[in-house]
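**Student:** Line order of the protein sequences matches chains B and D.
Counting the first sequence from 1 gives a position; the working numbering is that position plus 6.
Counting the second sequence from 1 gives a position; the working numbering is that position plus 10.
Worth double-checking, as some hints may not be accurate.
Said to hold, decoys possible - In silico negatives: residues of chain D with every beta carbon more than 10 Å from chain B:
1. Glu28
2. Gly110
3. Ile226
4. Val310
5. Leu316
6. Thr370
What the hints assert, rightly or not - Below, in silico cross-link-like pairs of lysine to any residue (SDA-like), each with a Cα-Cα straight-line distance of 20 Å or less:
7. D/Lys368 - D/Ala230
8. D/Lys219 - D/Ser54
9. D/Lys84 - D/Leu132
10. D/Lys105 - B/Pro215
11. B/Lys196 - D/Thr79
12. D/Lys368 - D/Leu354
13. D/Lys362 - D/Leu194
14. B/Lys196 - D/Lys362
15. D/Lys368 - D/Asn235
16. D/Lys336 - D/His203
17. D/Lys112 - B/Met158
18. D/Lys112 - B/Arg199
19. B/Lys196 - D/Leu252
20. D/Lys112 - D/Lys124
21. D/Lys164 - D/His203
22. D/Lys124 - B/Phe209
23. D/Lys31 - D/Lys84
24. D/Lys84 - B/Leu53
25. B/Lys127 - D/Lys31
26. B/Lys196 - D/Asn235
27. B/Lys127 - D/Pro65
28. B/Lys196 - D/Lys112
29. B/Lys196 - D/Glu127
It is worth saying that the hints were derived from the structure and are not from the lab.
Glycine residues also receive a C-beta, built at the ideal position from the N, C-alpha and C atoms.
Below are the chains, spelled out letter by letter.
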Amino acid sequence: MTDLSMPQTRTQSAMGKIALRWLLYVLLGLFALYYLMPLFVMLTTSLKSLEEIRTGSLMSLPREVSLDAWKTAWSGACTGIQCEGLRPYFWNSVLIAVPAVAISTLLGALNGYVVAQWRFKGANIIFSLMLFGCFIPFQVVLLPMARLLGIMGIAGTIPGLIFVHVIYGLGFTTLFFRNYYVTIPAELTKAARVDGAGFLRIFWSIFLPLSLPIIVVTVIWQFTQIWNDFLFGVSFSQAGTQPVTVALNNIVNSTTGVKEYNVDMAAAIIAGLPTLLVYVVAGKYFIRGLTAGSVKG
Amino acid sequence: MAPILDINNLYKNYGATEILKDINISIEPGDFLVLVGPSGCGKSTLLNCIAGLEPITGGTLAIGGKDMTHVSPKDRDIAMVFQSYALYPTMSVAKNITFGMKVRGVDAATQEAKLKEVSSLLQIEQLLNRRPSQLSGGQRQRVAMGRALVRDPKLFLFDEPLSNLDAKLRVEMRTEIKKLHQTLDASIVYVTHDQIEAMTLATKIVVLKGGIVQQIGSPAEIYNNPANLFVADFMGSPAMNLIPARTERNGTGTHISIARDSGSPITLTDSRDLNLPQDVILGLRPEDIAEAGFRAGAGVQEAECLVDMVEPAGADTYVVSELGGKQVTARLHAETSAQAGEMLNLAFDMSKVSYFAKETGERLN
């Protein structure tokens, strides 16, 4: 560091930099391989036959690629007494996740808009209370929620699960939208009010069109949370309304005799596929949206 | 004719804090009212109260002869231009301008005609399909004004519209706003902290400080007869010289003596019939102190002063001399031979002097 004028040390340090860079890439590559290992095992195992799983090694590639396990997982595997595979439960999850994501995102946007742009008395307290909801462990609310669903007459139904997910998603969706809208100058709302626009008109015509990045973030976040949820799914569903995560658990745990690892693996991948897909399609916006709220632009 | 804007005993509090106290303002159609004051004086709050964006705590407010105290902004027949322009970011320039009409349900043909009229008036026809983010600061400013103009309101409100522009553009836009006011004969309330903007644009100025009106008057009144020390100091650049002096009545006139560190006091005589206390603050604008021989008139008196500093400013040369413990600025012609450290005969125009009470700062003459 002291002899910057000497060319020799400079080349040495340049070499050192390149070496460091390579070391970094090799390390990152190793970590990535390590991280992808389970996925590799899952994929290869799901494509093997039971016979091959029993005789071959865990890490080897399948000798003969077979999609039978996938077919069974989708439409034939048994969850307890029924043997319909994951299919009906997969659609249950879609029926739960899509409306729950849409409603919680829209309500979060409205909440965030109110809290950030219409500074009514007590707005900060209400926002803090909603934030509090983000940090409550869900186990705590299981019993009161079960009671509430019973009173409302939607216990064990898909609308009931949608209701639960909307309620517990609101804390985060409100936080996301509030932080995004807080960076938008208050003069915009004032200008629209002078122009004659009302509360909902301003939201619809001015704020919502601005919100694409944060909508993407919220949708990814909510979809992942709701799709992957097991606790609410197992607590508030009954036969026929269970989401895919619960069905996966039942498939894996209810087999008797030989464990069909290939079917289990295929089922697990099917259950995880939609969230993976959402990340691949919208991941770029996810990163962009996460930082968009924090930097005023 | 009824006043276009009539504010009576207006109060505005945030919790226990009084922001505006007993504001009374009235302007006629065609007036250009400028609210001016240092930051935090409540001028923007007052504008927001006029717009209806902030509820008022007490008093009444009428626009165009109708009581608007509790009317919502959209029904006040006003249009507003904001400091940050507040253009709707996802809409094109044309949509920005027509948004208000669309909300109010004006038919498409009228919208189109008005858009055309306003965009040609402001010369923004070629920008109509662009987004606000694709415009320069000056262009955004024009669009914001266009949005206000299409409304054709009773009253225009401007909230520091030029403060985000660079110096050169600010002067250009200032001229344009003035021109616009003259061609449209519009009634305008304009907020600024820039006293030069206030002087050049206004037909009527309100000077605010700490939520209290200090003075209301035409630019000339405010400039020549400031009501107190604050207004005297705030309006004008360079600021008015405010010099502690002693007075002594002499027949109908008054002897004024100003002490100085560099020698014997200078004495001047004001021949006006004044009744002044012994200790006063004497206010004199830099342009009312000239080089001896360059100013004539009944009230002009000469005195020899020590020049501390010479500041050539192109058109004029400013000369600074110590009087009464203050740095007193005189505005001399550009070719003056004044030299720092030398004595110079200065001519004081005593007919222009303002006197202020030492304790209260209120004007005495």
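**Student:** All the hints need checking, so say for each whether the structure fits it.
**Tutor:** The hints, checked one at a time:
For D/Glu28, the shortest C-beta to C-beta distance to chain B comes to about 19 Å, beyond the 10 Å cut-off, and the non-interface label holds. A beta-carbon of chain B comes within 10 Å of the beta-carbon of D/Gly110; the shortest separation is about 4 Å. With a least CB separation of 25 Å from chain B, D/Ile226 remains clear of the 10 Å interface cut-off, as annotated. The claim that D/Val310 is not at the interface with chain B holds, since no C-beta of that chain comes within 10 Å of its own (minimum 51 Å).
Against chain B, the non-interface label of D/Leu316 holds: every CB pair exceeds 10 Å, the least being about 52 Å. Annotated as non-interface, D/Thr370 keeps its C-beta farther than 10 Å from every C-beta of chain B; the closest such distance is 38 Å. Restraint check for D/Lys368 and D/Ala230: the C-alpha separation of about 24 Å exceeds 20 Å, so the hint is violated. The straight-line distance between the Cα atoms of D/Lys219 and D/Ser54 is roughly 12 Å, inside the 20 Å bound, and the hint therefore holds.
Our distance criterion of 20 Å between C-alpha atoms is broken by D/Lys84 and D/Leu132, whose separation comes to about 24 Å. This hinted pair checks out: D/Lys105 and B/Pro215 have alpha carbons roughly 14 Å apart, not beyond 20 Å. The suggested pairing of B/Lys196 with D/Thr79 holds, with an alpha-carbon distance near 18 Å, which does not exceed 20 Å. For the hint linking D/Lys368 to D/Leu354, the alpha-carbon distance of about 29 Å lies beyond 20 Å, and the restraint is violated.
Taking the CA atoms of D/Lys362 and D/Leu194, the gap is near 36 Å; set against the 20 Å cutoff, the hint is violated. Restraint check for B/Lys196 and D/Lys362: the C-alpha separation of about 45 Å exceeds 20 Å, so the hint is violated. Restraint check for D/Lys368 and D/Asn235: satisfied, since their Cα atoms lie roughly 17 Å apart, inside the 20 Å limit. Proposed proximity of D/Lys336 and D/His203 is contradicted: the alpha carbons are some 25 Å apart, above 20 Å.
This hinted pair does not check out: D/Lys112 and B/Met158 have alpha carbons roughly 43 Å apart, beyond 20 Å. The hinted pair formed by D/Lys112 and B/Arg199 meets the criterion: a straight-line CA distance of about 13 Å does not exceed 20 Å. For a cut-off of 20 Å, the pair hint linking B/Lys196 to D/Leu252 is broken: about 42 Å separates their Cα positions. A hinted pair counts as satisfied when its Cα atoms are at most 20 Å apart, and D/Lys112 with D/Lys124 qualifies at roughly 12 Å.
Pair hint D/Lys164 plus D/His203 does not hold up; C-alpha atoms about 24 Å apart against a cutoff of 20 Å. This hinted pair does not check out: D/Lys124 and B/Phe209 have alpha carbons roughly 26 Å apart, beyond 20 Å. Restraint check for D/Lys31 and D/Lys84: not satisfied, since their Cα atoms lie roughly 26 Å apart, outside the 20 Å limit. As the CA atoms of D/Lys84 and B/Leu53 are separated by approximately 67 Å, the hinted pair breaks the 20 Å bound.
Between B/Lys127 and D/Lys31 the alpha-carbon distance is near 23 Å, which puts this suggested pair outside the 20 Å criterion. Taking the CA atoms of B/Lys196 and D/Asn235, the gap is about 37 Å. The hint is violated against a cut of 20 Å. Using a Cα cut-off of 20 Å, the hinted pair B/Lys127 and D/Pro65 holds, with the two alpha carbons roughly 14 Å apart. With a C-alpha separation of about 17 Å, the suggested pair B/Lys196 and D/Lys112 falls inside the 20 Å cut-off, and the hint holds.
Proposed proximity of B/Lys196 and D/Glu127 is contradicted: the alpha carbons are some 25 Å apart, above 20 Å.
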